[in-house]
Structure formats: structure tokens, C-alpha cells
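**Q** Numbering (the working numbering), first residue to last: 1 to 212.
The set of hints was computed from the structure by calculation and includes no laboratory data.
We put the beta carbon where it would ideally sit given N, CA and C, even for glycine.
Be a bit skeptical, because a hint or two may be false.
[Unchecked claim] Label pairs and their in silico Cβ distance ranges:
(1) 134 x 162: 26 to 32 Å
(2) 126 x 9: 21 to 27 Å
(3) 49 x 122: 30 to 36 Å
(4) 122 x 53: 31 to 37 Å
(5) 155 x 65: 30 to 36 Å
(6) 139 x 68: 25 to 31 Å
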Amino acid sequence: MNEWPIIHAERCDAREVQFTNEHAMIHLADERIMGVPLAWFPPIQRATNEQRRNHTCYGDTIHWHDVDDGIDLTAMLTGLYIVQVSQRNSRSEPHVPITWLYLDGGARRSGDIEGVPFVQDTRNFPQDIRFEDDNLIFDLADGRILCMPASFAPRLAKANDSQRMDFQRTGLTLRWEDLDEDINLIAMLTGFYDLDKPHPEPAVEKAEAPTT
């Protein structure tokens with residue numbers, strides 16, 4: 001079996017972070033947005049606006065210097081954190097650093113699309129799907145949010161509201177039969193969304209984070 005990187009590094013680079021009341025909305029290089037619950041990262045949640053602005057993006061890692069905390073996008077995009085991140089709130093000081101959020105050896109390779117790397121499936125199940133402006137938004141089972149530009153699925157982008165909500169889910173694959181459109185969430189989270197069918201490479205532009 002070929003060795004695959006766990007995420008598509010170029011597409012998953014962090015470019016910007018915006019904040020809602022509950023999430024850090026991390027803008028990626030290809031216009032996707034990953035929303036991470038602030039409750040998982042108490043130092044960042046408690047930080048002032050000035051402290052939140054003092055961060056540096058290192059590819060798939062973001063570090064907030066004033067509060068000495070960070071977010072590992074590889075862990076966040078795959079759901080492969082070692083234990084439930086919410087347990088950070090009950091752990092003793094000193095605060096657990098970013099390296100604690102890393103990959104679980106119990107993960108498995110997806111069978112849905114050849115070549116898609118390891119993910120933790122149950123945390124990635126969509127609990128709700130909605131459209132806001134030009135984004136298709138997935139509320140995932142563990143509280144993360146994935147915002148996907150509608151342009152990634154051209155038929156969905158042109159569809160009406162009724163057509164958009166007429167889909168079936170099998171595992172982590174969503175199928176719009178009438179539109180002949182499929183979205184595999186594993187591929188969409190990890191950035192390997194063109195393994196099963198060609199997609200145009202989206203332009204790297206700033207996207208607005210939806211409110212939650």
C-alpha cells in the first residue's frame with residue numbers, strides 16, 4: 001500500500017484566524033474554514049483580543065505567543081487527537097502543550113476513497129448541514145465545524161434550497177441523487193477532495209467566517 005500524507009499540506013496551511021463566541025475559525029489556503037471549539041483551548045478562550053491577535057501560523061500549526069498555547073490542524077482536520085480534547089479542562093497545571101494533541105494509533109484508513117489517509121470516523125459525522133452565503137457548513141459530532149465553499153460542488157452551488165437538502169448519507173459520504181453530486185467528508189477534511197473526481201483548484205482568497 002502506498003504511503004500517503006495524512007493531510008494535503010499545501011491546501012491545509014493556516015492563513016488567518018477569526019473568532020466567534022464559541023469557535024476559532026481557521027481559514028485554510030484553499031478557502032475551506034475549520035472551526036475549532038474554544039472550550040477545548042482554555043488559554044485561547046480566556047485570552048484578550050490583543051493576545052488572540054498575537055499568533056503565528058506555521059503551516060498546519062498555529063501558536064499564540066502570549067498564552068503559550070496552540071492548535072494542531074492535522075489533529076483538528078482528522079479528528080485524531082489522543083483523548084477527548086474537552087478533558088484538558090480537568091487536567092492539572094501546567095497546561096498541556098500543543099504536542100498533547102496528536103495522532104491516535106487506533107485510527108484506520110478510510111475505505112470510501114482509495115488513498116485517503118487515516119481519520120477517526122465517529123468524531124467526523126455531520127450532525128447538521130446548512131448553507132450560509134457561499135459556504136456549505138457541516139457541524140461535526142464533536143463540536144468542530146467545517147465550512148466548504150459551495151464552488152467546490154458546482155451543482156450544489158446552483159441548486160435551490162429544496163434540492164440542497166435532498167441528500168442521503170452513507171458513512172461519511174453525502175449523495176445528492178437528483179444533482180449527481182457527491183461529497184466525501186474524509187476527503188474534504190483532509191484536503192484530498194480530488195482523488196475520486198477532478199475539482200478545479202480554488203483560488204486562495206479571504207473568506208468570511210459564518211456566525212455561529
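**Q** Which of the listed hints are broken here?
**A** 1, 5
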